[in-house]
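A.B. asks: Each chain is listed here by its residues.
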Amino acid sequence: MILRTRHIAAACLIAACHCAALGQADSIRLREVVVTASEVRHASSVSKIDSQAMKHLQPSSFTDLLELLPGGISRDPAVGSVNTIALRQAVNISPADDYATSALGTAFVIDGMPVSTSANMQSTPDGNQQGRIATGKGVDMRALSTDDIESVEIVRGIPSVEYGELSAGLVKVKRKNSVSRLEARFKADTKSQLMAVSKGFAMPGNDWIVNAGVNYLDSRIDPRNARESFKRVGASLRSDKRWASDVITLHWNSALSYSVIIENDNDDPDLTINNTIDDFHNASHSATWVNTLDITPVARRAFAGASITAGAGCDYEHLSQRKHVAPSRVMPLPVSMQPGSNYVGYLPMLYLARYDVYGIPLSAYAKAVARFSAGSGAARLNAKAGMDWNMSKNYGRGPVYDITRPISATNTGRPRPFRDVPAMNQLSAFAEADLRLDAGRHTLMLTAGLRETQLMLRGSAYAIDMRPYVDPRFNLVWQLPSVDIGCYPIMWELAVGWGLHTKMPVAAYLYPAPAYIDFEQLNYYHNVEAYRVMNVRTYVDDKANYDLLAARNAKREVRVDVSYRGNRLSVTCFDENMANGFRSSGFIRRYAYNRYDASAFDPYAAGRAPSISELPSEQVLHLAVLSKYTNGSRTRKRGVEYTFMSRRLPRLMTRLTINGAYFRTTNNNSQALWYKPSVIANGKPLEYVGLYDDTDGSVYESFNTNFLFDTDVPALRLNVSLGAQCLWFTSRRSLWRDGVPTHYADPQGDIREFTSQSAADPYLSQLIRTFADSYFEKYTVPASVAFNIKATKTFWHERVGIALYVNRILAIQPDYMSHGVIVRRYSSPYFGMELNLKI
Amino acid sequence: MKLFKLPVIMLACALSLASCGDDDKIATVPLAVTNVLPADINDAAIISGELHFTELNSGAAYAFTLPLAATDAVPVGTYDIEGNAVAKAGDTEHTLRTVANQQVISAEGAMPSLTWFFYNPSNTLIFSEIYTTGSLNAKGTAGLYDSYFMIYNNTDEVQYADGLAICESQMLNSNENKIVTDANKPENNFTTQAVYVIPGSGRDVAIQPGQAIKIVDQAIDWGAQVAGALDHTDANFEWYDESTVPSVTDTDNPEVPNLQKWFSYSASIWLPTQQCNRSYALVRFPSGMTAEDYLANYKGDYQYISAFNGEEYTAKKCYLIKNEWIIDGVNMHPAENWVTGALSPAIDAGHAQISDKMGDKSRFGHKLARKVAGTSAAGYTVYKDTNDSSADFEVKPVK
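Protein chains in written order, with the numbering used here: chain A, 1 to 839; chain B, 1 to 399.
By construction, these hints were calculated from the structure, which means they are not laboratory data.
Where hints are given, some of them may not hold.
Derived CB-CB ranges, DEER-like [claimed, not checked]: (1) 288/B x 625/A: 37 to 45 Å; (2) 308/B x 616/A: 50 to 58 Å; (3) 760/A x 78/B: 50 to 58 Å; (4) 614/A x 255/B: 14 to 22 Å; (5) 255/B x 616/A: 58 to 66 Å; (6) 540/A x 288/B: 42 to 50 Å; (7) 616/A x 288/B: 28 to 36 Å.
If you want the footprint, here are the derived chain A segments under chain B, 3+ residues with CB under 8 Å [stated by the list, open to error]: (8) 390–401; (9) 521–531; (10) 767–779; (11) 811–821.
Chain A is faced by these chain B residues, among others (derived, beta-carbon under 7 Å) [stated by the list, open to error]: (12) 92; (13) 140; (14) 141; (15) 249; (16) 285; (17) 312; (18) 313.
In this text, a Cβ means the ideal position worked out from N, Cα and C, and glycines have one as well.
Based on the sequences and whatever the hints tell you, model everything.
C.D. replies: As structure tokens, this is what we get:
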């Protein structure tokens, strides 16, 4: 490494001496190959990843691309669970349902149409398979193939107001619309095989191109287990047609896409005890059709053009499980759909449960934008204004199963058809001005926009219904005069941005299935089967929170951009605060039911089981905490992102890219939380519930730097890169909590203040939660470095290409001490290779 | 080279023969043990008793009466030692017992240190069988909760079980955590997380000599539903938990009386350990003690330092049982990962194991049963109760 640095230094010196002679001539001669994400020269912080970078990265799914963002590190594919996006977030945070709004609030826009996940409601009560459920977590990136993608723009900062229904960021995907040979890609890595074939056809007439592509991924979660797999098939047909007249040019882009992901996780009945069955199968088919018509006048005038986008998407999701269920106890079987007193039976001790969930989320989208321009020379104004509408509704049958044979013996849920959930419509309008002022050698570029949006729920009691949200967003770029140093100008650019971003709750949050809660009133499991009886009081609770509002994220950022001789450094400081992310929080609920006393009943004399109407009873009051979706999660993201990209050094043909980020992410509750401690006092559960306004959350930090040396040798048609990914540290610290409630609810459901007298009360004092000091200590994982190599080479006029990559070919992960215990870290390399053909 | 090697090998052989001759005579050293008496009688004197030494390599056994005489001597070696003694403090005599394993006695002066504990061999009611693993469920993958405890009258007189409690330890016997709160150290008190009491006013639940009562989780005929499981419709008592967690509820057999639930850590149902890694105590509370008195005065939350990360934590939802209230106790744990018992060594100096390995699925359908010691003068079976469950229990199929 030292040698290489010296070489580079020497090369720089030589290059500087010959700066006048080199320069432009070189840059023309060398192909401009960029194998990393580049920082777009834009008003906001945007990473752009093009097809060359993807070719070099050799991804299997969209998840792999995120390694290229500042702060990103390479990770092995994990296709056994949903892959959610985490922009500008410390790398050591495990996805948690209460803090999923960042992922949910990152919009994916493919060929102009947002990917809608609002009507996704799939679920399973099987705890082992929760990780495969994407409901409420946004786009599952496993399902997105990277083949057919021309470029991806990931807006980490403040996106244009043209894009809404997002809180954390925007991923804009542009697929290929160009004439090409028949291209084929075959990839194999440790856990998967991938094939993709595509071609761009030049159609008869002028300016009409049709692209077609298919791709297939077959992946195993563990290569040794053929019964747990993830498969993806994708196909698309895209047309791009232009008409030009003397007055206007028309551009019509149409894309028809289909993809399916199939997950299997089946136990081998030949290996399981007594050949029992445990099968999980999930298939999600998705079809979309999107059309964009763009009109641009040939002559420059105030009306600069317009575009209309219309599209629809329909998914067919079928989750299917078969499982032998053998309870360890005799379990009552409450099945009533009606509230009130109900007699219930018992579950058998072995049965084959079948559980199917059918979801058919449908979404429609339309957008119209008009563009205007004014001014010329020193002051130019471009403006756009438009509206968009989207609708989503799930037409699926929802969970379909025999309620007397649930997939989980402790199941308390009941089926609810998804199609009963009403459609959600969202209408938005936006206007944005893009002003460019050239004042001498200074240039100011201001983008200022306003987006108004509302959710429309039919005949609704929801507070969010028709509630307008206004998102102002600003980005200002100031290009300073360049100063010559040596023979070359050094260019400075300062940018600041601020904006609000709104993400509406999804159907699963607004319309959760009702809760069925059954309390035992009579429990009479007599030795004589005919005399057995069990009675429960069933409560059917609406879990909808009618006060649920949108999640809003306020972003601020400052960026400095310096360019010199083709080298560029960009540093962004950001601060994002979302105080009302979605989470599940407790609400106090008071239940009353009767306990019937059958001790005096003689079943032998009566010749039958007792009935509750003839038994004495006493009323029991029970306080419980019922969870509902609220806006109670705060996510605060702060940090510094940096990217340095050197120019390709002419003789070494090598470019150094350094990027990385320091992230500090705080996840905590923003609203007080009700909590009922599971305490038994005098033989009975404590019937008090405390309201805690302390912070249940953590601060996460991570700091990394990725060094990438990529050498492009055009003569050999070879590109080799060596990356060193340094994760300097990660840390986690729980936020301070005193554990003392501010209020409490008594068994009657009355809410009272928790005072010093309460703290002295033997029962109420049980509400005080104690935390050891060590609970709040910072847990730091020290540095680790991983070295990755990647190479691509083409032959025969670039008709044949081969590529390979090895991640963590060397990993330096020193042991460290944590609370007196040595923690050892291990990792093994992950590798793959691929063959590319152009016929 | 070879010429040089031969004399060296011969010399070595000669030397080794000579040394073999020396080794055949193992040195015998005078016996001098250090006695550590219970803290509240540490000035007492041992007036009688015996010590039994077993050398682990040779299997040779040696016995000595207490106090040791100056002429008492043992060969050097590694010994398991157990002993009984009577110690006199003032005018009071105390019966003591010690168990010390793998004690080295060497010619260089290494001598055992014996920690003595109070020991009351006059047992009355004891756990004769403990079945917490459960029979295999209908799928054959895990255990059912057809668990039970048998309480046996090990005397020749009628004994009464009402008021007796079955208590489960809060601590796992694989626990390496350092307990900070003195009251919760096993030698001082037993820390429990479940207290279920046999109802009655003192003379209601009679157990005849040689008879036992069966206390079960769910008093149902499990065998009618799952082949190979037990029929508990004949149980004397069941523990029934009125659950407020709707997803987990119990059954209540009206023909089998319920235990009184004084305390359980669980808001739903109490399940004895299927992993067999906790301790159980049979407790006779002082007369007149009510659930209210107990819960008000014996709260047992404690501080401990985690062996895993060295951090201090608070354990909650537990109560204290005074060691003197315990009439029988059993530490359970597989040999693997066994660390120390949640019961005082005075109550159980060892541990009973249902399997060598944690998670051994062959443990299902097996119970811990006390070994038979002999027959009493009146002709009843007497079970072995040396307060060392390693020696007292054996594993038997439940059916």
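A.B. asks: Confirm or reject each hint.
C.D. replies: The hints, checked one at a time:
1. 288/B x 625/A: 37 to 45 Å: 39 Å, holds
2. 308/B x 616/A: 50 to 58 Å: At 52 Å between Cβs, range holds.
3. 760/A x 78/B: 50 to 58 Å: With Cβ atoms ~57 Å apart, the hint holds.
4. 614/A x 255/B: 14 to 22 Å: 19 Å Cβ-Cβ, so the 14 to 22 Å window holds.
5. 255/B x 616/A: 58 to 66 Å: Hint violated: Cβ distance 19 Å, outside 58 to 66 Å.
6. 540/A x 288/B: 42 to 50 Å: Since residue 540/A and residue 288/B have Cβ atoms about 48 Å apart, the given range 42 to 50 Å holds.
7. 616/A x 288/B: 28 to 36 Å: 31 Å, holds
8. 390–401: Three-residue rule not met by the segment 390–401 of chain A, so violated; n is 0.
9. 521–531: As far as the segment 521–531 of chain A goes, the hint holds, because 5 residues have Cβ atoms under 8 Å from chain B.
10. 767–779: holds (count 6)
11. 811–821: Answer holds; 4 residues pass the 8 Å Cβ test.
12. 92: 38 Å, violated
13. 140: With Cβ-Cβ at 4 Å, under 7 Å, it holds.
14. 141: 5 Å, holds
15. 249: 5 Å, holds
16. 285: 15 Å, violated
17. 312: 5 Å, holds
18. 313: 5 Å, holds
Checked against the numbered hints listed earlier, the structure breaks hints 5, 8, 12 and 16; every other hint is satisfied.
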